[in-house]
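Undergrad: In order, the protein sequences belong to chains L and A.
Mapping of the first sequence onto the working numbering: position 290 corresponds to residue 290, and the numbering continues sequentially without gaps.
Mapping of the second sequence onto the working numbering: position 69 corresponds to residue 69, and the numbering continues sequentially without gaps.
No wet-lab data here; the hints were simulated from the structure.
A few of these clues could be false.
On the chain L side, residues computed to face chain A include the following (Cβ under 7 Å) [what the hints assert, rightly or not]:
{"#": "1", "residue": "157"}
{"#": "2", "residue": "209"}
{"#": "3", "residue": "325"}
{"#": "4", "residue": "327"}
{"#": "5", "residue": "328"}
{"#": "6", "residue": "329"}
{"#": "7", "residue": "434"}
Simulated restraints, written as ranges between beta carbons of each label pair [said to hold, decoys possible]:
{"#": "8", "chain 1": "L", "residue 1": "108", "chain 2": "A", "residue 2": "80", "range": "38 to 46 Å"}
{"#": "9", "chain 1": "A", "residue 1": "33", "chain 2": "L", "residue 2": "332", "range": "17 to 25 Å"}
{"#": "10", "chain 1": "L", "residue 1": "353", "chain 2": "A", "residue 2": "59", "range": "18 to 26 Å"}
{"#": "11", "chain 1": "A", "residue 1": "35", "chain 2": "L", "residue 2": "130", "range": "50 to 58 Å"}
{"#": "12", "chain 1": "A", "residue 1": "77", "chain 2": "L", "residue 2": "40", "range": "45 to 53 Å"}
{"#": "13", "chain 1": "L", "residue 1": "344", "chain 2": "A", "residue 2": "33", "range": "54 to 62 Å"}
{"#": "14", "chain 1": "A", "residue 1": "76", "chain 2": "L", "residue 2": "60", "range": "52 to 60 Å"}
{"#": "15", "chain 1": "L", "residue 1": "311", "chain 2": "A", "residue 2": "42", "range": "39 to 47 Å"}
{"#": "16", "chain 1": "A", "residue 1": "35", "chain 2": "L", "residue 2": "311", "range": "16 to 24 Å"}
{"#": "17", "chain 1": "L", "residue 1": "367", "chain 2": "A", "residue 2": "33", "range": "57 to 65 Å"}
{"#": "18", "chain 1": "L", "residue 1": "311", "chain 2": "A", "residue 2": "33", "range": "34 to 42 Å"}
From a predicted model like this one, the values you see are computed outputs, not experimental measurements.
The C-beta atom is built at its ideal place from N, Cα and C for all residues, glycine as well.
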Amino acid sequence: MLSDSMSKPTKSQWDFGELFPTEQTRHVLSVSELTTQIKRSLEKQVGTIWVSGEITNLRAQSSGHIYFTLKDAGAQLSCVLFSREKVSHRELLADGQKVLLQGDVTVYEARGQYQLIVRAVELQGVGVLQIAFEKLKAKLAAEGLFAPERKRALPKFPQRIGLVTSPTGAAIRDVLHVVQRRNPGLEIILAPCRVQGEGAAEEIAEAIGRLNEFNSRSSRRESAQIKNQSRLTSAATMNLDLILVTRGGGSLEDLWAFNEEVVARAIFESAIPVVSAVGHEIDFTISDFVADMRAATPSAAAEIITENVFASREFVSEAPALMRLRVRQQLERAGEGHEAAAHRLMLAHPRRKLDEWLQRLDDLQSSLARCGRQCVRDGKLAVQNLAGRLWRTRPAQLLRQRGESLAQTRRQLVERMRQQLRERRHEFQELQSRLRLLGPEQVLARGYSITTDAATGKVLRDAAKVKAGQRLKTRLKSGEVRSVVEG
Amino acid sequence: MPNPAKTTGPNSPARPNIAFEEALTKLEGVVESMESGDLPLESLIAKYEEGMALAKACQQKLAEAELKIQQLEKAAGGELKLKPFPLETAED
């Protein structure tokens with residue numbers, strides 16, 4: 001082989017060995033053979049894997065196959081999802097969607113490209129959590145985990161409760177605060193666990209299981225426990241009345257552990273009634289649905305648990321006074337007959353009646369006196385009023401006033417008549433002069449005359465129409481001339 | 001939910017150790033009978049004395065002002081252990 005000859009140090013520098021080695025020493029592959037080798041080793045070495053990344057450049061073909069590229073900050077991977085693969089949420093795949101893919105790495109020989117044949121898809125991100133939530137909810141509902149008839153009533157006066165939450169969270173603070181205020185006698189057994197992040201769901205489920213185990217064991221070991229725990233000597237047993245599973249508010253992801261199936265199952269299997277209080281009022285988790293009771297917040301849960309003891313405080317503090325009152329009332333009722341008679345007797349005493357009448361007399365006397373004084377005052381006022389009115393209406397003055405106004409009116413009447421007369425006269429003269437301008441007198445005055453036929457009185461306008469012997473009458477400015485037409 | 005262990009426990013007949021729930025229920029009964037029925041004076045006084053003792057027992061239970069909280073832990077061998085829970089870390 002080539003390498004053997006090159007490694008010999010004794011060879012001269014001119015010895016280049018076999019420049020054209022024989023065909024038999026070279027192992028030549030066809031492209032197909034090489035590709036097949038690569039494909040085989042890739043499939044063997046990598047095989048079926050899970051890979052996460054973001055979808056980009058997605059192309060859905062009419063064949064139903066979906067081609068896309070999966071990328072992260074540093075690299076890209078060609079992927080193909082064949083139409084025959086039964087994948088949930090196929091329709092939700094889109095550019096930008098973060099996914100977790102399961103598949104086989106292989107080589108597409110025709111192009112010399114390696115690619116991932118996708119077998120399973122898990123969507124990641126908030127929208128995906130929503131889908132997972134609805135799916136699990138539907139599944140557990142179908143199994144009867146939320147059935148109302150399964151819900152157990154909480155003990156009215158719980159003495160000892162199990163608490164499943166983080167020992168350092170806001171929820172435990174809220175719960176302890178409310179319990180301290182409303183029922184400090186309540187005993188709490190905390191099963192600490194993480195309430196968010198990877199593995200939190202398993203821890204919550206384990207904590208619920210731990211409390212159940214403690215509950216069932218404690219009944220067997222109760223005497224030993226009480227001896228060791230001097231603080232608990234008053235407790236008859238170490239049984240738990242209920243378990244509170246809780247955490248404070250947070251994002252959907254923060255609360256997610258309470259939406260996991262393992263928690264739902266643990267609550268469902270708990271022999272002790274469970275109260276679930278996760279997040280704020282608006283947050284509903286799967287654990288809320290499975291639990292025997294859901295409370296809106298950790299504080300609300302603590303209030304529900306302590307409600308009856310807290311409410312009884314008032315009654316307990318009032319009961320002694322109530323009972324004392326009852327006894328006193330009973331004693332008083334026994335002496336009641338005597339007292340009532342004495343009272344009635346006192347009411348009917350004649351001295352009392354007399355006092356009453358005397359008082360009435362006093363009243364009447366004083367009101368009479370008051371009335372007299374009032375009458376006099378009223379009369380005086382009325383007289384003054386009338387005198388004033390009389391004085392203001394003296395008749396002489398009235399007469400003078402009326403006389404003056406009469407004379408004035410008369411003067412006005414005469415004056416107005418004169419005025420009218422003057423105006424009419426003036427109008428008349430005006431009309432007369434206008435009439436004169438229009439009449440024939442004015443024309444005649446300038447030397448014209450008007451000739452008429454004496455018999456008919458018709459005005460003559462054409463000399464040709466005048467006949468001989470016709471009698472005419474001519475009017476001048478003053479007087480008229482009678483004439484006969486010559487032949 | 002009824003808790004049989006509480007009401008039929010070995011200590012329940014003893015007055016000072018009576019459970020709060022039992023004492024409260026009895027007290028309610030006593031007050032109710034005193035209020036409604038026309039009891040003869042003698043039995044009224046007897047009821048009164050019983051009620052006062054019950055009220056005192058209830059008040060004592062309510063006056064236990066110290067929070068009792070313990071941590072339940074599981075040892076490596078699966079043994080359950082109760083440990084005191086440090087309240088300071090949780091209270092602020």
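Undergrad: The structure should be examined with respect to each hint, and the outcome stated for every one.
TA: How the hints compare with the structure:
Here the hint on residue 157 of chain L is kept, as its CB sits about 4 Å from the closest CB of chain A, short of 7 Å. With 7 Å as the threshold, the beta carbon of residue 209 of chain L stays out of range of chain A, its nearest partner Cβ sitting at about 10 Å, so the hint is violated. Given hint, residue 325 of chain L at the interface with chain A, is violated; its Cβ is 10 Å from that chain's nearest Cβ, farther than 7 Å. Evaluation of the residue 327 of chain L hint against chain A yields a held restraint, the C-beta minimum of about 5 Å falling below 7 Å.
Contact between residue 328 of chain L and chain A, as hinted, is not supported at the beta carbon level, the nearest pair being about 10 Å apart and thus beyond 7 Å. With 7 Å as the threshold, the beta carbon of residue 329 of chain L stays out of range of chain A, its nearest partner Cβ sitting at about 10 Å, so the hint is violated. Hint on residue 434 of chain L is violated. Least Cβ distance to chain A is approximately 122 Å, over the 7 Å limit. Range check, residue 108 of chain L to residue 80 of chain A: about 58 Å between beta-carbon atoms, so the 38 to 46 Å window is missed.
Distance hint for residue 33 of chain A and residue 332 of chain L: a CB-CB separation of about 19 Å, consistent with the stated range 17 to 25 Å. Separation of residue 353 of chain L from residue 59 of chain A is about 55 Å and departs from the stated range, judged on CB atoms against 18 to 26 Å. Our hint of 50 to 58 Å for residue 35 of chain A and residue 130 of chain L holds, since their Cβ atoms are close to 56 Å apart. Distance hint check: the CB atoms of residue 77 of chain A and residue 40 of chain L are about 51 Å apart, consistent with the given range 45 to 53 Å.
Range check, residue 344 of chain L to residue 33 of chain A: Cβ separation about 34 Å, and the 54 to 62 Å hint is violated. Between residue 76 of chain A and residue 60 of chain L the C-beta distance comes to about 54 Å, which sits within the given range of 52 to 60 Å. A hinted range of 39 to 47 Å is violated for the C-beta pair residue 311 of chain L and residue 42 of chain A, which are about 33 Å apart. Range check, residue 35 of chain A to residue 311 of chain L: Cβ separation about 19 Å, and the 16 to 24 Å hint holds.
For the pair residue 367 of chain L and residue 33 of chain A, the supplied restraint of 57 to 65 Å holds, since their beta-carbon distance comes to about 59 Å. Separated by about 21 Å at the C-beta atoms, residue 311 of chain L and residue 33 of chain A break the suggested range of 34 to 42 Å.
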